[in-house]
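Asker: Top to bottom, those sequences are chains L and U.
If you read the first sequence in my numbering, its first letter stands for residue 1, the second for the next number, and so on.
If you read the second sequence in my numbering, its first letter stands for residue 1, the second for the next number, and so on.
Because the hints were derived from the structure by calculation, they are not lab data.
Computed from a predicted model, the values in this text were never measured in an experiment.
A portion of the hints provided could be inaccurate.
Given that identical chains are not distinguished, each listed pair holds provided it fits within a single copy or across any two copies.
[What the hints assert, rightly or not] When the alpha-carbon atoms are kept at most 30 Å apart in a straight line, the in silico DSS-like pairs for lysine-lysine are as follows:
no. : residue 1 : residue 2
1   : Lys286    : Lys336
2   : Lys150    : Lys353
3   : Lys336    : Lys360
Now for the letters of each chain:
Number of protein chains: 2
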Amino acid sequence: MPNSTTPSSSQALEAVLARVDAGLDASLERLYALLRIRSISTDPAYAPECQRAADWLVGELSGLGFAAQARPTPGHPVVVAHGPDQAGPHVLFYAHYDVQPVDPLELWHSDPFEPQLRTDANGRQIIVARGASDDKGQMLTFIEACRAFKAATGGLPLKISLMLEGEEESGGVNLPPFMQANRDELAQADIALVCDTDMWDRQTPSITTMLRGLVADEIEITAAARDLHSGMFGNAARNPNQVLAEIIASLRAPDGSVTLPGFYDDVAELSPELKAQWQGLGFDEKQFLADAGLSLPAGEQGRSVLEMLWSRPTCEINGMIGGYTGEGFKTVIPAKASAKISFRLVSGMDPDKIRAAFRKHVEALVPSDCSVRFIPHGGSPAITVPADGDYLRKALSGLSAEWGKPAVITGSGGSIPVAGDFKRILGLDTLLIGFAHVDDQIHSPNEKYDLDSFHRGIRSWVHVLASLAE
Amino acid sequence: MPNSTTPSSSQALEAVLARVDAGLDASLERLYALLRIRSISTDPAYAPECQRAADWLVGELSGLGFAAQARPTPGHPVVVAHGPDQAGPHVLFYAHYDVQPVDPLELWHSDPFEPQLRTDANGRQIIVARGASDDKGQMLTFIEACRAFKAATGGLPLKISLMLEGEEESGGVNLPPFMQANRDELAQADIALVCDTDMWDRQTPSITTMLRGLVADEIEITAAARDLHSGMFGNAARNPNQVLAEIIASLRAPDGSVTLPGFYDDVAELSPELKAQWQGLGFDEKQFLADAGLSLPAGEQGRSVLEMLWSRPTCEINGMIGGYTGEGFKTVIPAKASAKISFRLVSGMDPDKIRAAFRKHVEALVPSDCSVRFIPHGGSPAITVPADGDYLRKALSGLSAEWGKPAVITGSGGSIPVAGDFKRILGLDTLLIGFAHVDDQIHSPNEKYDLDSFHRGIRSWVHVLASLAE
């Protein structure tokens, strides 16, 4: 690559940023072109549109000097692109080009696939379209940053690969095998970058370094061989609803902790540094709960809500059913009752060990003339990016440079499976950096992305890539 | 009524019984005629058939000298008939002329409305048709007994009224108001007779004197204002499934007793006589539970299964639901969870008091930022016929005379609402006397009534009526 330049000087960096600013209208036009493609992955009728989105990305990336291909899978294609070889670290960027369905269409104020630039009630400029935020807008912040480097310096500041999938909104079952099949190629990267998360608030960029894992299990208790009449059998016959309720009730102690033996054995306390940093976030527990219509934190007493959500495991009853649940009343003692139960795990916890402890606990509570069947629904460990890592430090510094205040490190109570796959299949840590906001209405009508998210998101990636290249 | 005769002599009684035996074929033909009428009460298409059945009964009863009418209700008619005034007690006989639907029709071996007399695998003669047992066959045992008295003696042995309803299989909401509206007329009786129950076994007649009452309540727990994501909120947000399970689990102690404060306060111990009589029934607890696929009695430890079913109250979870219960898994913390819960009551327990104790107990367990809504689903007290009553003693003696062994007194874990209505509205005790068997397949395809149930049922009523008239 003859003329590649690293923006090691602040002058070069300023030139790239100036290029971002000057090219914003053109960047927006490209985003609109992508948003017009109806790449709804879950609906087979839109498969050609998913292919079109992948082809569009290949075209754009090829134009920027990437070796780009839309590679087939049993589902929608995965776009893989490699930039020219460079000294320094090699980053692998992930985003997804597919979008959620648009129902209910009547609640949209404009065509979901005809992007609009509007001013919202707060005076902010917003881009309204399906996928504006999740994830086409976020994806293009990175690609437009690459474009600005190319235009201002003739090349990229470091070795960049991209993997852009088309099934994130529809289960994503084909991505892990794809990563496995292309392991040697993809694992050459040093760090993965994912742009699919929120900022902490409108002024504060963040990197999510802790994602909880998940163990999901379904249990079905069988008592009698058939449904029984509660008059004819009530008291004598075991009621599986009662058995199931007793099992569920036994999973939480009155202090909010989970009672499974050994559940907290591998759970580390927060480092004093991280604890102090989270306290400094100014998270309003009362407001967070009030927004959901609640006022009492339900987890372990004595811990902050952010700890409960980000650094403590939980057990949740996601569903339960048994007996007659229709209108009116039916005096039945059902034969079966069942529940869907999940555990969110934190770093250090072994999904298999937790599942085994859960099943052992349940089995001990099932009366000897009843039986229990377990149906597994997947499991994945928690993900933690080492807080003292070099890439993390550099990325934080890049974000802080753009936003003029320190970027924060956050956790997330949810799970982002691709981060687990990067670690498990490719051995890569992931930096989750995004510019979305909680009010973006992703998956809902009138999805939007702040123009500021898009513009300063592009600028942020310029800073982060420059910082990583140093 | 000029020539009415009471069969005070055994000679007269023998003449009536001989008449029953001689007239059995004609009695069967009349039963067949009634069984051919498709009086399915729940299906409006069969309303004319219900009217036909009522009219048919009015015709038969008028022919026997009753003043009989099919009286309209907002639903199907109630047949009310009064025999001539007589000295001695006045009995009010209840049965129902409506039947269950016949689905699934393909499982019937013959037309449900074309009665067949067959020999079953045990060599017993059986009458197969919808309603053969429940309740047309049982109803005609009484009417044919009246016919035999009329034929052999010229009259009835005591004052007899009948109330035959047509909505027992479809909710029966019109009967209590009908009884209320005709209270002065119907309450002139001294005792109610109901023919809608089983014998204890094929050799042993029984009178059911204890029916459990019922309090049914639905509770709905609301936690958050909307469904939440269990990753984003799990641990911090209250899970109403967990709250509901803890409430349900709290209702039973490990020893199988119900924990509501005061629940057993008004529950009397069985009299030593009744306890001894029940022990003498030779009830096979193991087999009873094994038939349902169970082996451990679930109620209060140290009590017999018959006690658990007949003389001890219970709390049953008839239905519960919350969160995602479809295929697969959804990581939701639902906003609401609900359960349908019923209490079977025994004599002395006040339904209102039990409902209040339940609701107070639940309210104390609901976290202060959650709410609970209660939806009542009816309540009725238990029914007990005094074990030392004169009518009961005479009826037992009549049954024993026919079957050649002592009739037994049994309880029932279920509730027969009309018995409660007789007590509540008319102030009458009820003697529940029936000749059906557990294998009659009522409500199912190939319903049958043993010819022996029909024949000796008629003879039994002759004995019982004669005994009551003494």
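Asker: Which numbered hints turn out to be false for this structure?
Answerer: 2
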